[in-house]
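Peer 1: Below are the chains, spelled out letter by letter.
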Amino acid sequence: MATLAAGKRRPLLRVHNLKTYFFPDEGTVRAVDGASFEVCAGQTLGIVGESGCGKSVTARSILRIVEHPGEIVEGEIRYLHRTDGREVELDLAQVSADGREMRQIRGGEIAMIFQEPMTSFSPVHPIGSQIVEAIRLHSPLGKREARERAADLLRQVGISRAEARLNEYAYQLSGGLRQRAMIAMALSAEPRVLIADEPTTALDVTTQAQILDLLRQLQTDLGMAIILITHNLGVVAEMCDNVVVMYLGRVVEEGSVDAIFHNPKHPYTRLLLQSIPSLYSEARVPLPTISGAIPHPYNRPEGCPFHDRCPQFIPGTCDRHVPELQALDERESDQLVSCFLYHEPTDERA
Amino acid sequence: MAGWLIRRTLFAFATLWAISMLSFVVIQIPPGDYVTSYIAQLQAQGTIFTEHEAQALRDLYGLDQPVILQYFRWLGLMAQGNFGVSFEFNRPVLDVIGDRFLLTIVVSVAALLLTWIVALPIGIYSAVKQYSIGDYAFTFIGFIGLAVPGFLLALVLMYFGFVLFDANVGGLFSPEYAQADWSWDKFWDLMQHMPIPALALGLAGTAFLIRIMRANLLDELRKPYLVTARAKGLTNNRAVLKYPVRVALNPFVSIVPFVLRDIVGGSVIVSIVLSLPTVGPILLKSLIAQDSFLAGTIILLLGVITVVGTLISDILLVILDPRIKFEARGG
Ligand SMILES: Nc1ncnc2c1ncn2[C@@H]1O[C@H](COP(=O)(O)OP(=O)(O)O)[C@@H](O)[C@H]1O
Ligand SMILES: [Mg+2]
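First to last, the protein sequences are chains A and B.
Per our numbering, the first sequence runs over residues 1 to 350.
Per our numbering, the second sequence runs over residues 351 to 681.
If you are wondering where the hints come from, they were derived from the structure by calculation, not from laboratory data.
Be aware that a few hints might be false.
To give a feel for the contact side, a few chain A residues facing chain B, derived at Cβ under 7 Å [to be verified]:
(1) Leu-63
(2) Asp-98
(3) Gly-108
(4) Met-112
(5) Phe-121
(6) Leu-137
(7) Tyr-169
Some chain B residues well away from chain A (every beta-carbon gap over 10 Å; in silico) [unchecked claim]:
(8) Gly-353
(9) Ala-364
(10) Ala-390
(11) Tyr-411
(12) Arg-450
(13) Ile-455
(14) Val-459
(15) Val-597
(16) Leu-634
(17) Val-654
(18) Leu-670
For glycine and all other residues, C-beta sits at the position ideal for the given N, C-alpha and C.
Model the full assembly from the supplied sequences, consistent with the hints where possible.
Peer 2: Here it is as structure tokens:
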């Protein structure tokens, strides 16, 4: 299967056909159902899709912190693990979730920030102690040095009065400062990949822009890869090099920001783009919405998961075969799409 | 913060004051004034009592004065350490109570500690392993604990203690220590007698606290900060213990006064069943005999235990939860 060729560089992280299911008593939730993408150092990959399409579960799968009753049931998460100065490719889907290797990587090499900085900090521990803990988990620093480093980190993310802030609690900071502190904590071990799960969704527009600026700045300084999860295509246009569009746990289209915004192929991507104000729509014309509701996670449609809402539905094909993510054509391997408008069904099932 | 503490302390005193009025009402309830009953009792025992002595007693308690003045006089006398006389025992109330108050505290605190020590790990286990066999088992035992009254449990425990362990059941001391002065040996003897009363008094509270801890922790386990903690690289167990369990401790602590109140209340009847040398048995006796001062004093003392316990748990809560400190500073 073709994957996105990101220049000549070797990707830091390659997710291939990842499936993460939840098994509650009521049935199986196929939260992530065959997601594939990759990201290189210094690049930002955007993951977009409606709420509930499996973005957060994908992120938690990469870090191996999917909660019970969830499980990675299939697929690979190939990561270039740095150990003893060498790089070793490791399949994170196969290592023990609570083992030493994974704990080194989690927070050490792949860090994560979250949507709700308020509830993502413990309400009863000072910010400083939580950052110090993160620092000491991945370095041999003593308490005092770790505290100094924590203050440095706060300054690095643009928080003034850093020493005093260390003693404060999450509820004493503004939303923007909280998210900055969260970023500082994620940076504490100088991670190579930063996963930001809707980092600006809970913030007002001005603060949102500041946080995005900060992330861009930090990426330039530290050269890390960023996986930016969002349902806001404006944020994607502003921040990302490549984009992955997800629908019901699957990647439906993948490509450079240019390709996705100017030459979208998948009907779902097109609809998503039309629903952004100002970009494609005229003033005072109601925004088109995607018809139908997202199917209930317990009963997904047969065939292409989008077929029952798709304006270009091909009867007999889309409801019977499952499309695969493939390069648009041989030469244009930059853009991948999972849609029978561009490919013939290849699976055996009929 | 200091202001908050002062407010809470004032509130505790106000509560105590209310309890003291209640106790005084208990003292006032019997018909006639107590000196009359006292004299009647003494005469029944053959003691000769002059009118002069009777008047001196009436003056001491201001019995010829309005009720409200009597109440304040009673408070004043207590402040001087004079808690009145017990007719039933014909001795000063403090003499009658003796070690019993201390032992009531010891038994209550032991029951409370047992409640905590047992409920905390089981509550954590039940939440973390929700719907496991262990969780169901503890839930089942917990419901029994909630449903069975303490005195019945005391009887059952006594029976099994006697049959299975040939234990010296009932009471808090072996006969050789009952009248002895305090010593380490006596203390050790007391500790050996503690399990049955502590269990009988503590089981209902334990079951209750397990429910509280389980429900709170289940809530906290869903909070994003646990994901953050795990994303840092903490093992799941350490992350759970360090963050959600820590946060769930707050409601767990704030519920303690209610448990303590039940323990202290329940101790009256359980003490009678187990014939513990606490204030419980003499409270019953004094109520039946209309032994006003004794009954009033004991009710007041039991009130003191719960009020002080509540105050301690409030203070603990402030130490545990910075949010309260913050609000307290703000408002
Ligand atoms: N703990 C869980 N148990 C069962 N289903 C879950 C759980 N967590 C997430 N899901 C399901 O997985 C799907 C994807 O969720 P999520 O990744 O959070 O979506 P989003 O794209 O909005 O981040 C949703 O249908 C959600 O209901
Ligand atoms: Mg999400």
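Peer 1: Against the earlier hints, flag every one the structure doesn't satisfy and list their numbers going up.
Peer 2: The structure breaks hints 15 and 18; every other hint is satisfied.
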